[in-house]
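Top to bottom, those sequences are chains X and B.
Those letters in the first sequence? Residues 1 to 331, per my numbering, in order.
Those letters in the second sequence? Residues 1 to 275, per my numbering, in order.
A few of these clues could be false.
[Stated by the list, open to error] Stretches of chain B that chain X covers, calculated by requiring three or more beta carbons in the stretch to come under 8 Å of a beta carbon on chain X:
#	segment
1	50-56
2	78-90
3	175-186
4	229-242
Hint data in this document are derived by calculation from the structure and do not stem from the laboratory.
Remember, it's a predicted structure, so these values are computed and weren't measured experimentally.
Where a beta carbon is used, it is the ideal one built from N, C-alpha and C, also for glycine.
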Amino acid sequence: MNHLIIDKEEWDRFLEKLLVSHVVFAAISDEFGQDYELIQHNNIAAITYNKPKPSTPLKSFFLPVLENVTSGGPPGKPRVIIGTPNCDIEGLKLLDEIYLDKDFMDIFYSQRRENTILISSDCFGIQEHCHCLSYNITPYATGTADLAIISLNGKIIIRIISGKGENFVKDIPASSSADTAKLLSSIEKEHLMTETSLKAANKGLPDSVTTGKLVRDAGEEVWKKHSARCVSCGACTTICPTCTCFLLIDKPGFEKVKQMDACQYPGFERVAGGEDALHELHNRFRNRYMCKYAWKSAKFRSTACTGCGRCIEACIGKINKNEIFMELAKS
Amino acid sequence: MMVYDKNIYKPLKAKLIEVIEESPLIKTFVLIPEHEFSFKTGQFIELSVDGIGEAPFTPSSSPQITDRLEVTVMKTGYVTEYMHNLKPGAYMGIRGPYGRGYPVESFFGKEVLILGGGCGLAPIRSLLYALEHIKDNLEKVILCYGSKTPSDCIYKPLFARLNSIEKFEAYRTVDKAEEGWNESVGVATKLLDKVKVNIEKSIAVVCGPPVMMKFGTLRILEMGYKDEQIYLSMEKNMSCGLGKCGHCMMGEYFVCKDGPVFTYDELKNTPDIWK
């Protein structure tokens, strides 16, 4: 894989110029955490590199919570997203399988994908609930994104992943003072340290295939017990980078509005006449894990749980799915 | 802007030219789509009332007819209540056709046993038209249909017509008879006792309310049909019809895209299929 090493000041100047022709979003940290912000001249220097992970999942850039899908206009300025961790990049693969499906391609999703340069950020270090490696996802991107970026010792190291990415950075002058071998070796050490931390933090957590078997085999009493604290708020699905269930709502003039939905909401599967296979809370609760670890993994090539840990952070009932799976693995 | 012509969410307008009252709760809507519209029998469409909502239905008309479409709708919820209030001249929206229908070409040389109940006769009527079209290639077609009462039985003239077609047999039953009813009384599966089929050279189709689907399938299995000889038309909440919105997920299948027609063999290991 090719690398481009540039001086940090050169990169910031490149971003400054980019604002004329592109809409740029990047991860920025503050006292409340880290999230994507619209980049303007005054916050280029505040962009956060190498750190997991923005609160907002990447899906929000491609699948808005609410959108009119019958009268939307053509896409605007090309868009650049900087600082996406690899868990979200891997999650995008599943969205691509669903929304770029050759039988029924969603033109709105497709145009946003084509119109976006995706610059992933390597994770140096982990957050409390990060567990990507348990599901065979590395904390650094090697595919699907256009570029991966690392900030180190006053340099910006760019790993070129796609042809689109290569073309995007082709005019940035490479740093004349970079010790490439030393920088790449430092990055490799950071990757190793991050992977070691992930392994240590998630000792005993079953991999996704084993988890699939565990959730398939778990009896009703397991789901009743663990769903007791669930309030069906849908925070877990809303924050999940791969949950994209939606509802089509009719508006006058045969217009349709697509609105994000969640299998945790009562009535998700209700049909006219009242039958509802997911009427009971524990069935809805089980449905999410079956969908993630048993059904989608059988149906699609891509993973439906990237180990980002956001659902654990977001749960107001303090339900930790990893604790459930470790308990199931022990029993 | 050409790209927006490929918009999968955009419905095609269709003019409602006739509303046929089939039973107190069931009406058939005869529609003329703005453009030619073709479907395979067993596939479904998303039919919408402007500004109100959309729901999935399998057309009840012949798949050979492409300039008009008939959809039979039971009044059972919010959207269907609005549909039942529509008058000829109104415009409805159509998206589709979606999903996998009946593989009628694989029925060649076979006897087709069809078990239907209630509004399940709507997709079956379309299948019967398709089978009539290829009857020279079939051995026999037997329809066993049950409704709650004689007045709930839809497409009344259909049965006499079917019985007049060579190779076709049609039987009806009702849960509760009314005065003048001289056909069977009892659940639809009881009709299966009187049919003569060569199971080796036969396939079975089941379409109807969930409880009938369950007990009908079990009875057909008891008769000796193999799992892969039984075709089920499944019903789920299908919001998009495109294999995206997730509402109709049943195990590893999206009913809207991988179905709605499945063999029992494909579904038998999926939990809660009769719910």
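Cross-check of the supplied hints:
Requiring three or more residues with a Cβ within less than 8 Å of a Cβ of chain X, the coverage given for the segment 50-56 of chain B holds, as 6 such residues are present. Coverage of the segment 78-90 of chain B by chain X holds [criterion: at least 3 residues with CB-CB distance below 8 Å; count 3]. A count of 0 residues in the segment 175-186 of chain B with a Cβ less than 8 Å from any Cβ of chain X is obtained; the coverage claim is therefore unmet, three being the minimum. Here the segment 229-242 of chain B counts 6 residues with a CB under 8 Å from a CB of chain X, which clears the bar of 3, and the coverage holds.
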